[in-house]
Amino acid sequence: MQTISQKQKSIHIVTPNSFLAWIGKFLLILIALFALFVLAKNLIAKPTLFAQNVLDGLKLGFVYALIALGYTMVYGIVKLINFAHGDVFMVGAFVSFFAVEFLGLHVWPIAVFPDINPLLANVLGTITIILLSMVICVLLAITIERVAYKPLRDAPRIAALITAIGVSFFLEYFGLLEFVFSARFIPYKRPFEEMTWYIKDGIHQVEAGVTTPPGSITFSNIFVVIVIATVLAQLFLQYLVRRTKIGIAMRATSFDKPTARLMGINVDQVISFTFGIGAAFAALGGVLFAIAYPSIKTLMGVYPGLKAFVAAVLGGIGSIPGAFVGALIMGQAEILTSAYVSTPMRDAIAFSILIIVLLIRPTGIFGEPEKEKA
Amino acid sequence: MDITTLLISFVKIVAVVAYFYGLFWVMGIKGKKIQLGKKEFDISILVNIFGVFIGFLLIQLALTPFGSFSILTNFDRGLLFQACSMVMVALGLNLIYGFNGQFSLGQYGFYGIGAYTAADITYRWVNGDSRGLIVVGIGTILGAVVIMLIRKFLTNLRRMPVLSSFTLYLIGSVLAGVVAVFAGKLIAPAINPFLGSALQPGLLNQQVPMYFVFFLAVIFAGIFAAEVSFLFGLPVLSLGSDYFGIATLGFTIVVYTLMVNSDTILPFPEMKGGRGMIGIPKLTTWFWAFLFMMLVIITMRNIIRSSTGRSIMSVREDEIAARSMGIDVAETKLMSFVIGSLFAGIGGGVYAHYIGFLSPGAFDFLVGFNPLIIIVFGGLGSMTGTITASFGWIFFLEGTLREILGKISTEAPSWRYVLYPLTLLLLMLVRPQGLLGSVEWGYLKSKVIPLRKSKNTDEVKSA
Amino acid sequence: MKSLKILSILLIVAFLAAGCGAKAPAELKVAVLAPLSGPVPTFGNSTRDGFLLAVEEWNAKGGVLGMTVVPVVEDSQCTPDPAVNAANKVINQDGVHYIIGEVCSKASIPVSEIANAAGVIQISPTSTNPSVTVDANGVTKGYIFRACFIDPFQGLVGAKFAAENLGAKTAFLMVDQANDYVKGLAEAFKTSFTALGGTIVGEESYTANDTDFSAILAKVADANPDVIYLPDYYNIVNLAAKQAKEKGITAPFMGGDGWDSTDLDVVAAAGGYFTNHYSAEDPRPEVQNFVAAYTAKYGSTPDALATLAYDATNLMFQAITEAGADDTAKVKAALEAITFNGVSGTIKFDASHNPIKSATILKVTADGVKFEAVVNP
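First to last, the protein sequences are chains A, B and C.
With the first sequence counted from 1, adding 1 to any position gets you this note's numbering.
With the second sequence counted from 1, adding 72 to any position gets you this note's numbering.
With the third sequence counted from 1, adding 45 to any position gets you this note's numbering.
Since the hints were made in silico from the structure, they are not lab data.
Just so it is clear, CB atoms sit at the ideal spot from N, CA and C, and this is done for glycine as well.
Any given hint could turn out to be false.
Stated by the list, open to error - Derived coverage of chain A by chain C (criterion: at least 3 residues anywhere in the stretch with Cβ under 8 Å from a Cβ of chain C; other residues may be distant):
#1 44-53
#2 178-187
#3 302-312
#4 333-340
#5 343-349
Claimed, not checked - Below 27 Å or equal to it, Euclidean Cα-Cα: the simulated BS3-like pairs (lysine-lysine) are:
#6 A:Lys47 with C:Lys186
#7 B:Lys479 with C:Lys74
#8 A:Lys190 with C:Lys408
#9 C:Lys106 with C:Lys375
#10 C:Lys186 with B:Lys344
#11 B:Lys344 with C:Lys235
#12 A:Lys47 with C:Lys287
#13 C:Lys106 with A:Lys190
#14 C:Lys287 with A:Lys201
#15 C:Lys186 with C:Lys214
#16 A:Lys201 with A:Lys80
#17 B:Lys479 with C:Lys342
#18 A:Lys190 with C:Lys287
#19 B:Lys354 with C:Lys235
Go ahead and model the full structure; you've got the sequences and the hints to work with.
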């Protein structure tokens, strides 16, 4: 009896404002202050360089956003980390490579209409290539879904994750074979020429062989294309999910599958559709990625896929604006850390940021709090 | 195609698996009684120990060369040792994921920490520097003591934010580390004269003392990995399942990055960063691999069969029900995570001294999926399955496929990683619950009737 | 107990059978360990192709010492564990005494320890890390050789060329910390360039999977160096050089033999220089015959990896011919004394089993790679 009462006496309840409760917060605040200090110091020291870095981070972030959208869609509906997504992305890039290199699809507008406006011709040609990649990737993704995921819909979730890893390995290493894509690092031919401008006392075009004056900010037409494509994709998805019938069906399926089925929704079709949409965005991402970073290989999907997935988690996986915001943060985190903290430790710092964000918001920035299991 | 090669390599897999089934069968023998005079003695424990000993000798004999011939070649020996360390890593992950339901991708991070820690201790020892052992030894023990003390202090506090307790633990561990480094500086000069250099071993760095240091190094490496996992797991385990998985994936990548920069950012020039650590003494023999593996298997089996194990499993089945039965869910999760990492760390130590060379590339996040694949393939929540799958996986991927494809043509080896995912895919489609489900065999079989799992209702609901 | 007996019998039978599997080679078996999967499969394919071409040529000439060469190809994934398994497999299961490989140093080092212990000759075509042929205590591993330069030499040549021929005063280093080849070259360049009076104005690192170098290049633009030293493989060079052009950076890039490939984007890297073993324009018959034969067989011009694998294989066969027997101890002695005229130059080995050969400096122009200078050791 005595021991129990003694124990009860010594129990102390930590109130939210006590010193002990603040120790943990101090640690976080310290880290945040340090990061802010580093950024502010560099912003003041070289504002144009800082702006350049932010711009580069945006470019990277927009690319990640395109891939992250596919991850977050699929996860939102079937709760599956679709590891094969990064490889569908790779296939998209390769399809566009073949379309440009062997079919010459990007020049068809000029071939058909010789006196077309060159800008319009480029736009049409690029869109054709993107559409072709999308179609093939959608077919591929739906096949994968039918073969590897659908039979496992009632199995433990992890089984589908393992098949996803299996599919991912298969696509990568089958692609490596000589008669498929080959193992080479292939230089990618862009469907349109790149143009770069720099901002310093107005906007000027960068000319080959001429060093841009120090303190200028450069950007390219590719950056513009990526931003436009990502924003359009984002708007389209929002519209699709919020306003259309299939979007409502998707949300219903995501919320509660058996009930959705009872309501007359063809859940299997909705899931296939989701995979298809995800793959279409992966294809778009793949083509734009290859245009932005013109070197392709069969393993190219692994790391962008990982980063994009992490971005989706950061934003709250399952949430479409979350994927977008998470990707932008990821892009900035990578570029700004390598610019101002340390390049060798870049990945470590980027992932530490992820862990810290998750500690503060356990389901990501836009994620809904996890429901208690009933 | 060469049918005999195919046959032999498949027989090899079967034989290795059969070996373990035999071993666990012998270890599980109960109720053997002997009549001595009037009294009856229970000699089953003797039978068990003798069986394990025979099991050890069997492989030892097969590995011993007679002239130029040995039953198991160096090739098989390599696979065997890799599989042994894989068993430890995968069993640890199975405890975390299979038995406790925490989806972790960080196992290779702890594996790497264990490997590098153990390797650094013995490397320094061989080269006449005892600081590695002293610092890590004192550091881990002191760290454990400090953590225990802080825990005792914290048990009386209610509603302590997890970040605050993490900060306290962090400060405590860092202080323990600093003390250990100073202690190392003080004590090491007293021991160093007894150590020779690598070329001229002194009194303490050859033969028996060397093996003793190796044993300590592996154990300390395991404890060190466990302490890191404690610090990391404490705040992160409060996350939901997939978010926890991603956080642990992040941990693997952080550890990888640190390994790559171990000579520039971390103060360990002997690890040589991305160039890879050379000169680690190859001390792992079958005896040590077998010993550590058996230690891990027996420890884990006893944990699973104890009340602790039942509370670990109840957390997996239903957290709320477990909590209402008075189980401290956070505590249980943390414990299984720490023990799982301890096993991974020990596995890493064994691996490092088998291969003799460590490169960060071996602990990349992509290979980090291997233990996950193994435990799912073997059956989540089945120790027998994990052990079978570890050996089966290595002997199939690195053994059978190599031997068969090598015989076909010079182009065929490129197909190895095409066939492997196809096999994985097929097996998963045929047996989504894993090779053995949650069936156990012999010694590993539980006394209590396992919880009846009605086809993963939980999983479907959340999906 | 009965089942135990059956089990143990089964076991013994199985392993007896396994042990007897590989026996009695009537031919000369030579293995290549190449990363056919893993992070850099394209290097593995090139290495294997160069190796197979050499084997084919020797077999067409009647084999080595009258023995037909049987090639054994194994996938070693550029990772220690699979490389060790592959090495153990070719040595113990196939009974190979001669190994060409691995490509990556991190895989070659553990393989070299196994090969040296087993008395098997290993010639690594491309592993530049000094620890491949020398162990942790500085003792040369007797049976291990390499066909490529070690890091310090290429770095030295590059630095000398940058400082003397290009008149560079400042240099910027881009390094992949996880890649020992890149790191080794960069360190050597740094030491030599500083010794020659130059300044390193910045050193930044990336990872092999990076595609975006803008943060580093922004720093480069800010530091405005005379040369940028990027001793990585062509895939990284393609991306980094292109992005540098887009940022309006005109300083030339410099690199090592990793640049040598038909997949090098010559437009992007135009104006850059790299150190290599040979120039494809070299009129020597070895070079011209090799380039012609390789192109005829595989339909593309060989890259540095294929060339070095080809040379390493020929080196091995010539040594076996000179030794006059399929005896690794004799072949080892022959290799130590050999003078070999290969595609990548004349090879002799020093005491650490590193080849002594001259380096060629090549210039990248928009129409292709041109010969610039030869630097002797």
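Hint by hint, here is what the structure shows:
no.	hint	result
1	44-53	holds (count 3)
2	178-187	holds (count 6)
3	302-312	holds (count 3)
4	333-340	holds (count 5)
5	343-349	holds (count 4)
6	A:Lys47 with C:Lys186	violated (52 Å)
7	B:Lys479 with C:Lys74	holds (13 Å)
8	A:Lys190 with C:Lys408	holds (23 Å)
9	C:Lys106 with C:Lys375	holds (23 Å)
10	C:Lys186 with B:Lys344	holds (20 Å)
11	B:Lys344 with C:Lys235	holds (18 Å)
12	A:Lys47 with C:Lys287	holds (25 Å)
13	C:Lys106 with A:Lys190	violated (42 Å)
14	C:Lys287 with A:Lys201	holds (22 Å)
15	C:Lys186 with C:Lys214	violated (40 Å)
16	A:Lys201 with A:Lys80	violated (48 Å)
17	B:Lys479 with C:Lys342	holds (23 Å)
18	A:Lys190 with C:Lys287	holds (12 Å)
19	B:Lys354 with C:Lys235	violated (35 Å)
The structure does not agree with the numbered hints 6, 13, 15, 16 and 19 stated previously, though it agrees with the rest.
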